[in-house]
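**Q** Sequence:
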Amino acid sequence: MDKVVASAREAVADVPDGATLSVGGFGLCGVPVALIDALLEQGASDLTTISNNCGVDDQALGVLLYAGRIAKTISSFVGGNK
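Its first residue numbered 28, the sequence shown is counted upward by one per residue in my numbering.
By construction, these hints were calculated from the structure, which means they are not laboratory data.
Just so it is clear, the structure is predicted and the values come from calculations on it, not from any experiment.
A virtual CB, placed ideally from N, CA and C, is assigned to each residue, including glycine.
Do not take every clue at face value.
As the list claims (entries may be wrong) - Simulated DEER-style distance windows between Cβ atoms:
# : residue 1 : residue 2 : range
1 : S102      : G45       : 14 to 22 Å
2 : Y93       : D29       : 21 to 29 Å
3 : M28       : G95       : 17 to 25 Å
4 : D29       : A61       : 33 to 41 Å
5 : D29       : F104      : 17 to 25 Å
6 : F104      : V32       : 27 to 35 Å
7 : D29       : S102      : 27 to 35 Å
8 : D29       : G95       : 30 to 38 Å
9 : V31       : G57       : 30 to 38 Å
As the list claims (entries may be wrong) - 20 Å max Cα-Cα, derived DMTMM-like pairs, lysine to aspartate or glutamate:
#  : residue 1 : residue 2
10 : K30       : D41
11 : K99       : D85
12 : K99       : D84
13 : K99       : D73
14 : K30       : D85
15 : K99       : D29
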């Protein structure tokens, strides 16, 4: 089965509300920003994230956090978030 998709939007199209996401990267380096932005646009909510940190206000997982889409996060460092 070919799992290659043409866009970030297509890659996150079937992520449901309540999904648990493991997100790579360290700090803001290596974070899948295009996928996170596509997920914000897609609208999934009540998400649980597992990541080294939860981004910052306007970058990485911070965009989902401040949009109220993350219900729970499991992180070793909460970043610069309030």
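**Q** Range first: 30 to 38 Å. Now tell me if the beta carbons of V31 and G57 are that far apart.
**A** violated, 20 Å
**Q** For the pair supplied as a hint, K30 and D85, is the alpha-carbon distance within the 20 Å limit?
**A** violated, 30 Å
**Q** Check the following: the C-beta atoms of D29 and G95 are separated by a distance inside 30 to 38 Å.
**A** holds, 35 Å
**Q** Range hint 17 to 25 Å: satisfied by the CB atoms of M28 and G95?
**A** violated, 35 Å
**Q** Between the beta carbons of D29 and S102, is the distance compatible with 27 to 35 Å?
**A** With a Cβ separation near 33 Å, D29 and S102 satisfy 27 to 35 Å, so the hint holds.
**Q** Using the C-beta atoms of F104 and V32, is the stated range 27 to 35 Å upheld?
**A** holds, 31 Å
**Q** Mind checking the alpha carbons of K99 and D85 for me, to see if they're no more than 20 Å apart?
**A** Since the Cα atoms of K99 and D85 sit roughly 18 Å apart, the hinted pair holds (cutoff 20 Å).
**Q** Is the hinted range of 14 to 22 Å satisfied by the C-beta distance from S102 to G45?
**A** holds, 19 Å
**Q** Next pair to validate is K99 with D73; report whether the Cα-Cα distance is within 20 Å.
**A** Given that 20 Å is the threshold and the Cα spacing comes to 8 Å, the pair holds.
**Q** Lying within 21 to 29 Å: is that true of the beta-carbon distance Y93 to D29?
**A** violated, 35 Å
**Q** Given the hint that K30 pairs with D41, test it: the Cα-Cα distance must not exceed 20 Å.
**A** Satisfied, since the Cα-Cα distance of roughly 13 Å is no more than 20 Å.
**Q** With 17 to 25 Å as the target window, see if D29 and F104 comply at their CB atoms.
**A** violated, 37 Å
Going through the hint list in order, the structure does not satisfy hints 2, 3, 4, 5, 9, 14, 15.
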